[in-house]
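As numbered in our numbering, the sequence shown has no gaps in its residue numbers, which increase by one up to the final residue, 415.
Certain hints may be false.
Calculated pairs, DSS-like style, for lysine-lysine (alpha carbon to alpha carbon, straight line, at most 27 Å) [stated by the list, open to error]:
hint, residue 1, residue 2
1, Lys274, Lys243
2, Lys341, Lys393
3, Lys45, Lys83
4, Lys83, Lys250
5, Lys241, Lys274
6, Lys393, Lys241
By construction, these hints were calculated from the structure, which means they are not laboratory data. Predicted model only: the values in this text are computed from it and were never measured.
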Amino acid sequence: MKNVRIIPAIPKENKMLKVAAYCRVSTSGPEQLRSLEIQIKTYTKFIQSHPDWIIAGVFHDIESGLRRSGRTGLDKMLKKAAKGNIDYIITKSISRVSRDTVEVLKIIRFLRERGINMHFENEKLDSINVDKEFEIALRGMLAQDESRNTSENIQWGFQRKFDKGDIFTKYKNFMGYTCVDGEIVIVPEQAEVVRNIFDLYLKGLTFGQIKSYLESQGVKTVTGKEHWDTTTIQKMLKNEKYKGDTLLQKTFTEDYMTGKKVKNIGQRSRYYVKDSHPAIVSAEVFGKVQEEMAKRARLLHNDDGTIESSASKYNGKYLLGNLLVCGNCGASYRRRTERGKVVWRCATRIEKGKEACSHSPTLCEVWVKNILGKMVYENGAYDENIIRDNVDKILIFDKHIEIRNIDGSKINVSI
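With the hints as extra help, turn the sequences into a complete structure.
This is the structure we're talking about:
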């Protein structure tokens with residue numbers, strides 16, 4: 001069979017053909033990065049070797065071929081093509097462009113509508129040719145199925161490791177620990193920070209107060225940042241690894257196509273490995289912290305600012321009074337009416353002034369309800385029963401709110 005590659009006719013108004021190339025690798029490993037570098041150099045030389053071609057760019061991505069998100073190189077190339085700045089595109093194979101069959105078809109049709117051909121070298125196929133669309137789709141399906149098999153094999157491998165109690169020892173940016181020769185070992189100076197956080201919480205400090213204390217003492221995060229996140233502190237206090245145990249398969253990939261990870265709350269087996277590595281805090285201290293967190297979760301914040309304990313999470317006249325919590329100081333938010341408008345404001349700020357909690361914004365009740373309607377209930381309507389069944393709490397920060405759902409998921413919304 002003859003090898004025929006279609007090169008579009010050179011427009012009369014422009015004797016030079018604007019040619020681009022697209023490259024992609026899946027990961028940033030040394031070998032893949034070397035491969036990407038070779039691809040870029042090869043395509044650059046190849047385009048420049050044609051006297052009647054103008055290089056319109058060699059675009060590249062370091063991302064999975066299953067998902068469009070994060071593919072900035074591909075997006076830039078298509079935007080440039082849409083503006084008429086590309087006439088012809090070369091790429092190694094269909095799987096380089098995408099391993100999602102539907103996405104491949106969208107891209108080649110988008111280009112064909114603009115008279116732009118994409119040539120797939122390995123398959124010797126040209127997207128401009130309508131008759132070849134079925135073959136391109138078939139090849140794309142094979143690439144997609146290959147990805148599915150790879151994903152299933154990886155999941156199977158993880159499952160076998162979990163069954164044997166093998167823990168991961170290649171953690172990055174894990175405060176208190178590092179990995180040496182495949183073993184988890186304690187970093188003494190970081191471990192002291194961890195112990196201090198547990199101690200401060202047991203002394204009654206909130207996440208926000210612990211954050212403020214660490215920052216005032218110049219204690220940096222594990223990544224070297226000067227500012228701490230209250231969510232990070234909360235996760236540290238809940239992490240069983242600090243007492244020397246490991247819970248495996250806390251999350252899992254729900255769909256290999258999207259790569260979306262979900263919290264494992266019983267959908268799949270979990271594996272608890274006791275004494276898997278050296279502990280930083282004792283099991284007794286860790287247990288007391290969990291008890292204290294459970295106790296604080298049962299505290300009700302009433303409209304008058306008082307706090308009481310209850311077996312039921314919700315109480316009082318207003319649902320939002322039990323959900324809105326200041327992310328800075330940990331106090332509840334109170335409902336107020338100002339100039340005919342209902343707002344919610346941090347109790348600390350109300351009682352002690354702005355200086356006592358300067359990073360707590362005032363929220364309009366209508367805005368809060370609209371956001372909850374959009375983010376929690378799909379039809380956009382605010383329904384207290386649905387909010388009650390799905391939302392655990394809402395942390396209020398300086399420039400955003402964090403909606404924490406009962407299933408463990410979180411939604412961040414800018415204020």
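Worksheet item: Is the straight-line distance between the alpha-carbon of lysine 274 and that of lysine 243 27 Å or less?
Response: This hinted pair holds, its Cα atoms lying about 9 Å apart.
Worksheet entry | Pairwise hint evaluation, lysine 83 against lysine 45, where the allowed Cα distance is 27 Å at most | holds (25 Å)
Discussion item. Given the hinted pair lysine 241 and lysine 274, is their Cα-Cα distance within 27 Å?
Written reply: holds (9 Å)
Practice prompt. Assess, step by step, whether the Cα of lysine 83 is no farther than 27 Å from the Cα of lysine 250, and give holds or violated.
Written response: violated (46 Å)
Discussion item. For lysine 341 and lysine 393, compute the direct alpha-carbon distance and say whether it is at most 27 Å.
Written reply: holds (23 Å)
Worksheet item: Given the proposed pairing of lysine 393 with lysine 241, does the C-alpha separation stay at or below 27 Å?
Response: holds (25 Å)
Checked against the numbered hints listed earlier, the structure breaks hint 4 alone; every other hint is satisfied.
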